[in-house]
Amino acid sequence: MRSFLTILMGFCVPPLIWCTAMALWNVHAMRQETVRLHTRTVAMGDSHIASDIDPSVLAGSQNISLAAEPYLLSWYKLNRITTHYRIDTLILGFSPNNLSDKDHELFRDGAWATERLIVRIYPLVTFSEALRLPLHRRTYLRTLFMRLCTWPRTAHAEYIGSFERLKVPYHPDAATALKRHFVDKAGQVAPVSNVGIAYLDSIVLRCRRDSMVLYLVGTPLHPTYRRGIPPALMAEYDALKHKYVAWGVQVLDHINLYNTDSLFANSDHLNAAGAHSFTRLVSAEMGRPPIAPGPPRPVR
Amino acid sequence: MLFNSIDFAVFLPLVFAGYWFLCRSLRARNIFLLAASYVFYGWWDARFLLLVALSSFIDYGVGRALGITDHTPRRRALLWVSIVANLGMLGFFKYFNFFVGNIEHAFSFLGEPLTLHHLDIVLPVGISFYTFQTMSYTIDVYRRKLAPERDLVAFLAYVSFFPQLVAGPIERATNLLPQFAAPRSFDRAKAVDGLRQMLWGLFKKVVIADNCASFVSVVFDTQGHSGSTLLLGAVLFSFQIYCDFSGYSDIAIGCARLFGFDLMRNFATPYFARDIAEFWRRWHISLSTWFRDYVYIPLGGSRGSTWSMIRNTLVIFIVSGFWHGANWTFISWGAFHAICFIPLLLAKRNRQHLEVVAAHTWLPSLREFRGMVTTNLLVVLAWVFFRSADMGSALQYLGGIFSPSLFTVPTVRPLDVLLLILGLVLAEWAGRRLQHPLQLLDRVPWRPVRWLVYYVFIAVVIGLGGKEQDFIYFQF
Chain X
1 MRSFLTILMG
11 FCVPPLIWCT
21 AMALWNVHAM
31 RQETVRLHTR
41 TVAMGDSHIA
51 SDIDPSVLAG
61 SQNISLAAEP
71 YLLSWYKLNR
81 ITTHYRIDTL
91 ILGFSPNNLS
101 DKDHELFRDG
111 AWATERLIVR
121 IYPLVTFSEA
131 LRLPLHRRTY
141 LRTLFMRLCT
151 WPRTAHAEYI
161 GSFERLKVPY
171 HPDAATALKR
181 HFVDKAGQVA
191 PVSNVGIAYL
201 DSIVLRCRRD
211 SMVLYLVGTP
221 LHPTYRRGIP
231 PALMAEYDAL
241 KHKYVAWGVQ
251 VLDHINLYNT
261 DSLFANSDHL
271 NAAGAHSFTR
281 LVSAEMGRPP
291 IAPGPPRPVR
Chain S
1 MLFNSIDFAV
11 FLPLVFAGYW
21 FLCRSLRARN
31 IFLLAASYVF
41 YGWWDARFLL
51 LVALSSFIDY
61 GVGRALGITD
71 HTPRRRALLW
81 VSIVANLGML
91 GFFKYFNFFV
101 GNIEHAFSFL
111 GEPLTLHHLD
121 IVLPVGISFY
131 TFQTMSYTID
141 VYRRKLAPER
151 DLVAFLAYVS
161 FFPQLVAGPI
171 ERATNLLPQF
181 AAPRSFDRAK
191 AVDGLRQMLW
201 GLFKKVVIAD
211 NCASFVSVVF
221 DTQGHSGSTL
231 LLGAVLFSFQ
241 IYCDFSGYSD
251 IAIGCARLFG
261 FDLMRNFATP
271 YFARDIAEFW
281 RRWHISLSTW
291 FRDYVYIPLG
301 GSRGSTWSMI
311 RNTLVIFIVS
321 GFWHGANWTF
331 ISWGAFHAIC
341 FIPLLLAKRN
351 RQHLEVVAAH
361 TWLPSLREFR
371 GMVTTNLLVV
381 LAWVFFRSAD
391 MGSALQYLGG
401 IFSPSLFTVP
411 TVRPLDVLLL
421 ILGLVLAEWA
431 GRRLQHPLQL
441 LDRVPWRPVR
451 WLVYYVFIAV
461 VIGLGGKEQD
471 FIYFQF
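Top line first, the protein sequences correspond to chains X and S.
To convert, note that position 76 of the first sequence is 76 in my numbering; the numbers rise steadily by one, no gaps.
To convert, note that position 332 of the second sequence is 332 in my numbering; the numbers rise steadily by one, no gaps.
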């Protein structure tokens, strides 16, 4: 037995040394890494904002949205970004699906949570913070191990997305999209996410505290999708809209804006032409000239 | 608790240390293993422990009662108590809704729609495995092949032994129970080989099966694929299910060896079989031999008239299919294999390949190769029934394969997974005469080289592992 344990320990030493060295390297690299932003106007949210706000149309803006981004992630992203940069205008996605608990189930439930999703969060939060968040713990630990202990990496900040120009004809997928957004694992309509709303409130208050102008933007939805939004989520959406207006936030609710297929890529995302047209409208509402002037303006 | 989980990675070293360092006597070790096994099983749902305990106590009691009576009718009655109790449990949890649903269908077909009560119950994990294992004990005691076990702890530990409790191998009491009664000392060579076999099993499960799973789901669960894509999906499923199940068996066997136990081999490179009969001697061996010994031979086996041979063969294949699940797809899967097997039986060619393929050469002969290809083609087609949700989907899938689009390029092309499968096939071919391919490393005299290979495998398991999936056979 003694010789077995000695050999086993000897066998484990090289991988342990390797993993420790990698962890030291990666944690150091992660701490040194800074996010590169080139504007003070930032668009943030899920795939709706990612496909619908075209930064080449909205003067001096950068779209850092990512698909399936819940408000929890937006909150931590905002915190991280503002440690390095000063943002004066924030455009945040605000659609009924962002209020659904399904948004968080993607991160919380083992059946949905994948390394691809969790990988965005680990550089933003400390280990102890992460264990308190509604994340699927095993997937988080696995992601952490894979990202920190296996291979030297220089880039960890995978939470910065970009504008996605969808040059595709309209694909009717309302039933699938509604199911993806509002139906939970048990096949029931997912409830309103109190966690999501709490993080949204925090973002609103943070913007107010730091004098950031906040625009909550409801992006256009195809009529077939709009008709299928669960009434409870729609009611909550309307109630929150009024609440934030009362708080002095500018809510640009355009979910009913378009009815023609030609502007949509699918039931909940605009195509390139739709994004161009919609961003011009948002730009006008923000009181900005619609086309970006000159080269990007460096900040700080 | 899944073998491929962090929980098990913590559980196993703790149990290993407790078993060898804290427990010195045989009884203490058996008690410790029993407690560890119940923790392992209770990790899913502690309520199901009651079923394992109930099944164990019934068979222990029946075994003891059989030991004190020679009265044949009484012995037979006792045997029936065990069979009815175990199959009753199995039937209630696994087959109740199936029978109720079929009765409803039959009445609807006759124009008298009937609505019966369906049970909203969860199938206890591994119930098909441990009920069969305990029944084998009672039947062997009834046949006087085994003395009744007096030590309750040893018996309970035998039924619930955690490495093989939820997905086999279905151990015979004649093999495993005496090992609980015999003193066990630590065997380094056995433990090292056990760890290697666990590593090989993990590779098969985590790297091959879990990576195949995502593509298989796409092909089987969505529609509109070409014939070639459907065929590729079925081939990938054949590797998924093989690596999933045989991977579990490898981990179970390797894990048992860490504690000084030898479990029976459950898979012996079945995809290198040259005919269906050989395939069944190499696939899920513990179940095939269970049905052979406790169903096929009591029915008369291959003795008697041609018709009784055909009947007996059909019975065990269909029962084997039904054992896998309460669905006509599993029954069809069994029947399909029976149809492929019966001609071999009638031509008395079912035992012509008892030795491993190319036993004394590097490569198979052309005839052997042709046999392997034909067998695998049949096996792959049969897996379509096994994987499909219902008979309609299975027939639609098979119809889709045999369409003109069979000769087009598949739309799903998981090249990385296919490369991994190629690596698996080559390794299994090289190690076809061994328990597992990593035993080939015994021929390498240099420890650093052997360790390097193990490190590579560990890195591949960690780096290329697919998303953590349940073992398919847990649902059976």
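Hints in this document: simulated from the structure, not taken from any laboratory.
Glycine included, every Cβ here is placed at the ideal spot set by N, Cα and C.
Possibly wrong hints are sitting among the right ones.
Using C-beta positions, here's what the derived DEER-type ranges look like [claimed, not checked]: (1) 109(X) <-> 100(S): 30 to 38 Å; (2) 243(X) <-> 5(S): 41 to 49 Å; (3) 284(X) <-> 5(S): 52 to 60 Å; (4) 434(S) <-> 23(X): 31 to 39 Å; (5) 107(S) <-> 127(X): 58 to 66 Å; (6) 32(X) <-> 389(S): 19 to 27 Å; (7) 29(X) <-> 21(S): 36 to 44 Å; (8) 32(X) <-> 21(S): 52 to 60 Å; (9) 31(S) <-> 154(X): 26 to 34 Å; (10) 32(X) <-> 454(S): 30 to 38 Å; (11) 256(X) <-> 217(S): 53 to 61 Å; (12) 256(X) <-> 10(S): 47 to 55 Å.
Quick partial rundown of chain S residues pointing at chain X, CB under 10 Å, derived from the structure [what the hints assert, rightly or not]: (13) 5; (14) 7; (15) 20; (16) 21; (17) 23; (18) 24; (19) 192; (20) 195; (21) 453; (22) 455; (23) 459.
Residues on chain X that point at chain S, a partial pick, calculated with CB under 8 Å [as the list claims (entries may be wrong)]: (24) 4; (25) 138; (26) 141; (27) 150.
Tell me if the interface restraint on residue 195(S) is satisfied: Cβ within less than 10 Å of some Cβ in chain X. holds (8 Å)
Against chain S, run the beta carbon of residue 4(X) and see if the smallest gap drops under 8 Å. Holds: closest Cβ of chain S sits about 5 Å from residue 4(X), inside 8 Å.
Against chain X, is residue 455(S) within 10 Å by beta-carbon distance? holds (7 Å)
Using the Cβ atoms, figure out if residue 32(X) sits within 19 to 27 Å of residue 389(S). violated (51 Å)
For the hint on residue 453(S), just tell me whether its beta-carbon gets within less than 10 Å of chain X. Hint on residue 453(S): violated, closest Cβ of chain X at ~12 Å, above 10 Å.
Is the interface hint satisfied for residue 138(X)? The criterion is a beta-carbon contact with chain S at less than 8 Å. holds (6 Å)
Would you settle whether the hint for residue 21(S) is holds or violated, based on the nearest Cβ-Cβ distance to chain X being less than 10 Å? Hint holds; residue 21(S) Cβ to chain X Cβ min 9 Å, cut 10 Å.
Just to be sure I understand the hint, the distance between the Cβ atoms of residue 256(X) and residue 217(S) should be within 53 to 61 Å; is that true here? Because 36 Å falls outside the window, the suggested range is violated.
Beta-carbon spacing of residue 32(X) to residue 21(S) - inside the hinted bounds 52 to 60 Å or not: 45 Å Cβ-Cβ, so the 52 to 60 Å window is violated.
30 to 38 Å as the expected CB spacing between residue 100(S) and residue 109(X), which holds or is violated: Since residue 109(X) and residue 100(S) have Cβ atoms about 31 Å apart, the given range 30 to 38 Å holds.
Using the Cβ atoms, figure out if residue 107(S) sits within 58 to 66 Å of residue 127(X). holds (60 Å)
Can we keep the residue 141(X) interface hint, with Cβ of chain S closer than 8 Å? At about 7 Å, which falls below the 8 Å cut-off, the nearest Cβ of chain S leaves the hint on residue 141(X) intact, so it holds.
Hint check: violations occur at hints 6, 8, 9, 11, 17, 18, 21; the rest are consistent with the structure.
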